[in-house]
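K.L.:
The primary structure of each chain is shown beneath.
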Amino acid sequence: MIATQHYLALSALLFSIGAIGAVVRRNVIIIFMSIELMLNAANLAFVAGSNSLGSMNGQSIVFFVMTVAAAEAAVGLAVILALFRNRQTVAADEISLLKW
Amino acid sequence: MHPAATEATAALPMAVSYLRYIPLAPLVGVLFHVALGYRLGRHAVGLVACAAVATSFALSAQAFLTVAGAPAGTVLTDNVYQWLSSGDFSANVAFSVDALSSVMIMVVTGVGFLIHLYSVGYMGHDEDYARFFAYLNLFTAMMLVLVLGNNLPLMFVGWEGVGLCSYLLIGFWYTDPEKASAGKKAFLVNRIGDAGFILGAFTIFWALTDLGHGSLEFATINARAAELPAWASLAGALLLFVGATGKSAQIPLYVWLPDAMAGPTPVSALIHAATMVTAGIYMVARLHGLFEAAPMALQVVGTIGAATALLAATIGIAQNDIKKVLAYSTVSQLGYMFLALGVGAFGAGIFHLMTHAFFKALLFLGAGSVIHGLHEEQDIRRMGGVARKMPITHATFALGVLAIAGVPGLSGFFSKDEILASAYASGHTWLWGCGVFGASITAFYMTRLYVLTFRGEFRGDHHKWEHAHESPLTMTVPLMVLAALAVVGGYVGVPHVLGGNNGFAAYLAPSVGHHELAVSASTELMLMGVSVAAALAGIGLAWTMYSRGPVADRKLANTLRGLYRQMGQAYNVDAIYDALVVQPLIRASYALWRGVDVQFIDGIANGTATSINTIGAGWRRWSTGNVQHYMLTVLVGVAALVLALSLGALIGVAG
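Those protein sequences? They're chains A and B, same order as listed.
For the first sequence, the numbering used here assigns the number 1 to the initial residue and increments by one for each residue that follows.
For the second sequence, the numbering used here assigns the number 1001 to the initial residue and increments by one for each residue that follows.
FYI, nobody ran anything at the bench for these hints, they're computed from the structure.
No incorrect hints appear here.
Listed below are several chain B residues computed to face chain A (Cβ distance under 8 Å; list not exhaustive): (1) T1624; (2) N1626; (3) Q1628; (4) L1635.
For each label pair, taking beta carbons as the anchor points, the in silico distance ranges come out as: (5) A:E36 - B:V1638: 11 to 21 Å; (6) A:S55 - B:I1651: 25 to 35 Å; (7) A:A71 - B:V1638: 18 to 28 Å; (8) A:A74 - B:D1602: 55 to 65 Å; (9) B:T1624 - A:L13: 21 to 31 Å; (10) A:I29 - B:I1612: 38 to 48 Å; (11) A:V24 - B:I1612: 32 to 42 Å; (12) B:I1612 - A:S55: 46 to 56 Å.
Over 12 Å on every C-beta distance to chain A, these chain B residues come out as not near it, computed from the model: (13) G1069; (14) L1536; (15) V1653.
Even for Gly, the Cβ is constructed at its ideal location relative to N, Cα and C.
One chain only, chain A, in its complex shape (with noise of 0.2 Å):
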């Protein structure tokens, strides 16, 4: 039987590589997939109190980070694009202008 202390191991795993991938990777739409990543660990964490404490609250949670994920996605994708066509390029240490 999967418990949901293993539900939750997972998750974290998950948000660690989601974390790591944002922090240490150059390339935006990498960082972006990361967040991406994290949303999702979140959603299964969710998903599984949702599960083991026999509430509905979680699951309707995660829809909502669902559809803003997918907002986000959007408005996102179209960011990067306008940042490539400026500045051909989609590596985060190169786009630092926004400082003292």
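With the hints as your guide, set chain B onto chain A.
P.N.:
Relative to the frame of chain A, chain B by itself:
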């Protein structure tokens, strides 16, 4: 003669409503000059200025006659409105006229009117006639507020107002830096005295509040002065006297008055001889109850007065500017008035104040007439023989000189003699000695001034001599009126020993009390003889010496040697004050500026800004602009938070 003392009698108030118009009339004149003066021209300004003061004079005369005709102790009061009210304290804008202030308003408006009339001639050609008459009318209004106010705060309004007008008029020709700085000097020196005045008023108010009489009305102060603790009456009286030394040019604050001669000559006559400088004497007499409650303060007043009378008289010997001689003479005569107040002879002080207003205004206006006629010549060494060109000025000036010298029969003789007799009778023999010595010096330098100006041959530029002329009627009429007053003004106070009834002292007695002289008639006659002899000796000596012209100065210089040089330089008091007060103040100000302000205050302000800048400069390295760094920061932060919470939970479980 039996020594008898009449205390100030209880006041009989009588409400009248016209007193407010006495200071208001010149104030309306001020508004007229300011608003319409330059548009309507100099004739209209001169007319309105004189009419305003004439109105005040008429109302003052009515007040004076009412007081003189009513039973002794009558006080006219006009309560206009409540001015200040705070807790138990309240002060009204209320004017009152008793015997003392009725004399003062007559002098201020009467002599003031003559000087306004004279100014129409003297300042007739000045560009800024409207400004001049606006200041002159404002001065009259303020002086009347000072005299009429029935409480210390209202008196202080007038006190500051006349100080302001004095400053404005000394620096009237402000394009000349020397005159402008003379005005500043007068203002600053007076400020020191004014600080004393305020502190004195506070002290009295504080002590009176302790007694349950939180009021600064003169009547309350005088009535309750005896109940005040000794320290309060002494401190209050001395602090107020500091104010008086500033306004009335006594040691140590007299230094501004000789410089004040930079102003137009009518101003010197009105403000710096006849009226404003007597404010200190009036104030001390007004508060006679307070000063009598502090005998030590009276002692100080008399001593300072005698010292000033003597010091200023000696300086007067060695001055060559006609107005400077008169200025030091004014300082000296004010010293006599304080001497009188100091020995408790308040009536005698006010008597001399009045006669001095007549003859000193006359002398100043006469000097102005000479200066005017000789085209701005002020140095008596370059005058001489002016009597032939200006007969009216000469005759009136001569009467003024005789009056101030104390020649029997003229006003100065009666008033000065009463002061000296009171000083002797009250046991202050050495104050009397100073006074007599000062009187002979006064006679000496006034005769020197007269002889060098009007006698002998003209010693100046012959062009000036050819153009010299007698002054117009607007100037000579006031001279003649003042000369008449200088002659007869003393007859209101002829002493008993000369067959008079000393009516002036009796008239003032309800206000300031009156002490009969505690000496026999023969002693009084002997004192009179001594002072007359001293005056005649001074006149005779100066006449014989200076008939040969100013060369006699050299003889005097040889006799007195270093002392004479010191007199010529006014004992270098200005330099001493500069070294003792002004320079240390400037150095202290520099130290405060460079040390405290720049280094400390600015240091705190700038240091705060700089340190925040430095911290920010370090922290801004954190904002690399690279989103991944920000993300890492957030991650580390969240991880630390989670770790802390988990550890807390673990410890909680363990606990």
